[in-house]
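Q: Sequence:
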Amino acid sequence: MLHRCRAGMLMMMCSAKQVLPLTQAPTLASPSIATLSHPANVRPPQDLNRSIVTMTTNNDPREVEAIFQRKRSLRSKLRKELQNMDPIRRSEEDIAIQSIVLGAPWFQASKSLCAYISCAALREVDTSRIISEVLSKPVEDQKKLYVPRVEDRNSNMRMLRISNVNDLIENSMHILEPSLVDSDGKQCEDVMEASDPVDLFILPGLAFDKSGRRLGRGGGYYDLFFAKYQELAKKKKWKQPLHVALSYSLQIVEEGDIAVTFNDVPVDALVSPAGYIPISQVALDG
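Here the sequence shown stands for residues -21 to -1, 1 to 265, numbered as in mature numbering (1 follows the signal peptide of the UniProt record, and there is no 0).
Quick list of in silico lysine to aspartate or glutamate cross-link-like pairs, EDC-like style, CA-CA up to 20 angstroms:
#1 K189 / E233
#2 K116 / D161
#3 K123 / D178
#4 K122 / D161
#5 K215 / D178
#6 K214 / D202
#7 K213 / E172
#8 K90 / E119
What follows is a set of in silico ranges between Cβ atoms, one per label pair, in the way DEER data are often shown:
#9 D120 / W217: 17 to 25 angstroms
#10 N150 / P117: 26 to 34 angstroms
#11 D131 / R54: 15 to 23 angstroms
#12 R51 / S151: 18 to 26 angstroms
#13 Q87 / R41: 45 to 53 angstroms
#14 A206 / N63: 28 to 36 angstroms
#15 D65 / L211: 38 to 46 angstroms
#16 R54 / A206: 16 to 24 angstroms
#17 I67 / E233: 25 to 33 angstroms
#18 D39 / V118: 51 to 59 angstroms
#19 G235 / L211: 28 to 36 angstroms
#20 A100 / S228: 18 to 26 angstroms
Since the hints were made in silico from the structure, they are not lab data.
Computed from a prediction, not measured in an experiment: that's the story for all the values here.
We put the beta carbon where it would ideally sit given N, CA and C, even for glycine.
Let the sequences and hints guide you as you build the complete structure.
A: This is the structure:
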């Protein structure tokens, strides 16, 4: 049941000493561009940054339906595999992934980020220690942290700033999201109205490949939000943020397994238990 998300949130309310101790995370040498496979419909790393991956070449309904059928089939497969994932292995991978993120130069250097609040019932990679690390600092020393709030069933999502766990509430599905007003009664800042750009997006998904393709849960919320934020960044002449997806080992699939459409936005890098995998040029440069 989704109410388990509340239990996961209790970890974020604990001090750093109360969180599960971290083992030494394994590392993985960053693959070179030459070692990554890039099919014709995916741009190579030097062109991947902030581009929209395209597979369809026309509006043939049969082709589009075939792509969505492939997506549905892969989602079903990954949901079953995640549901059957050994809890001990899941915990070990959660610890390793978060250790890598917290120790990464791109995370430490970020001043403002958007990150998801993980929900155990959805089998998402845990972010509780990442969130706790940000919120444990005094407000004046914190990174700006924006977390998602689903607005409707039309793929509209907002990213609102929180400063402590009291700024989070449970929605009708018992998933934690930011309140419209913070614990001091002030309206939570919307990232689309912020005066400063976001450096980093930490995002979930069901499946990923090493060319940057991402398979979400089918709602289209992240892709629509990315498109809007990209336009805002272009308008304000901001540097585009780094998009980093967190992935269990079993969620990284073979090239070509993830079908994509015109509005699917690729990620810049992956973090799995094996290490950090840069994909786009911005990730390689970072």
